[in-house]
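Starting from the structure of chain A, add chain B where the hints point.
Protein chains: 2
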Amino acid sequence: MRKKVVSFLASGRGSNFQAVARKIQSGDISRACLGVLVSDVPDAKALEIARDFGMKAHFVDPRAFASRAAHEKAIVKLLKEANTDLIVAAGYMRILTPYFVREYKNRIINIHPALLPSFPGVHAQKQAFDYGVKITGCTTHFIDEGTDTGPIIMQRAVPVEPDDTAESLAERILKEEHVILPLSVDLFCRDKLEVKGRKVVIK
Amino acid sequence: MRKKVVSFLASGRGSNFQAVARKIQSGDISRACLGVLVSDVPDAKALEIARDFGMKAHFVDPRAFASRAAHEKAIVKLLKEANTDLIVAAGYMRILTPYFVREYKNRIINIHPALLPSFPGVHAQKQAFDYGVKITGCTTHFIDEGTDTGPIIMQRAVPVEPDDTAESLAERILKEEHVILPLSVDLFCRDKLEVKGRKVVIK
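Just so you know, the protein sequences line up as chains A and B, in that order. First residue of the first sequence: 93, per my numbering; consecutive thereafter. First residue of the second sequence: 93, per my numbering; consecutive thereafter.
These aren't lab readings, by the way, just hints derived from the structure by calculation. Hints are all accurate, no fakes.
Pairs count within a copy or across copies, as identical chains cannot be separated in the list.
Below are the DSS-like pairs computed for lysine-lysine, each with C-alpha atoms no more than 25 Å apart in a straight line:
no. : residue 1 : residue 2
1   : Lys291    : Lys218
2   : Lys95     : Lys295
3   : Lys218    : Lys295
4   : Lys288    : Lys218
5   : Lys137    : Lys115
6   : Lys115    : Lys95
7   : Lys284    : Lys295
8   : Lys95     : Lys148
9   : Lys288    : Lys95
10  : Lys218    : Lys267
One chain only, chain A, in its complex shape:
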């Protein structure tokens, strides 16, 4: 079985990208190799980190294209040139269009800092904190055409502590993100994930 090429989309520091890339490079995720990283933000820290990993890192400027579709086509071209099997969205702040999703159906994994379907969209940790839940967490899922609605791969629960702030809570969630995202990528690369309708069966 050929190793899978894992590429990344990131808009920020991409600590989740780093957590996965490290485990690919160390061999903990054994059936994968590093592809490219694409960012829509020129000074995203993730670009620098990717280069430190010896990866190709591309800034693809959304303002240089006439439409979202054109921007995405340029990105998809880069991903295909790298023979990408799996895309990891690690804090990528754009909604993918149906075109992009179809090109990589059930091959784009997103990490979301809440127990979906609770608190989709941005600032999920703060949404949960402000709502007053006692348990929140994080979710890995395949991206479909909705916002954070795709088939769920893994989830981890994180209790809200009495003295938490939105920030301290977000930090504890992030630690769990760094656990389930590499695990999900590993399962994908070992062909252990099967999507059946809305459900992801771990074989």
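Below, chain B without anything else, positioned relative to chain A:
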């Protein structure tokens, strides 16, 4: 400190009612005594169980009243006659009107078989199962004027197992309901719950 009178609303067998009543009777919930049980279903098993506990149990027929408000007024009258401090909705299948909620503001506890705000409304366990979440659970909350939107008291996470059916999942969730509902009632009766905006602080 006077003991709190805890009354119940139930439409079915009321296993959650039973879990709480048992702990009140045994003294595990020490600062409470049993009030009345009201059901909107004539042959609800909960009516019988309540009588076995030596409680007054009332069937209040919704069809005997011209309006929901009139039905609720009759129920509130019974609750007040019993000097009810806290109402536990244990599988009560009617939405309470704002009138009822205001009469007992932050004094009606509901148990919901999902990690709210995910999967409000009926058949929450099956909703979660069909959605394909990997973690669900249960929630106790004060009832407000929305459907399962009130301030959250406690939550318990329950993982979905690979060989689960909606039924086996519901059974495991029910076990956790029987834990957090009595705990929540106990906290209330010991004046340990403080509602601050949307949040319930456990003192």
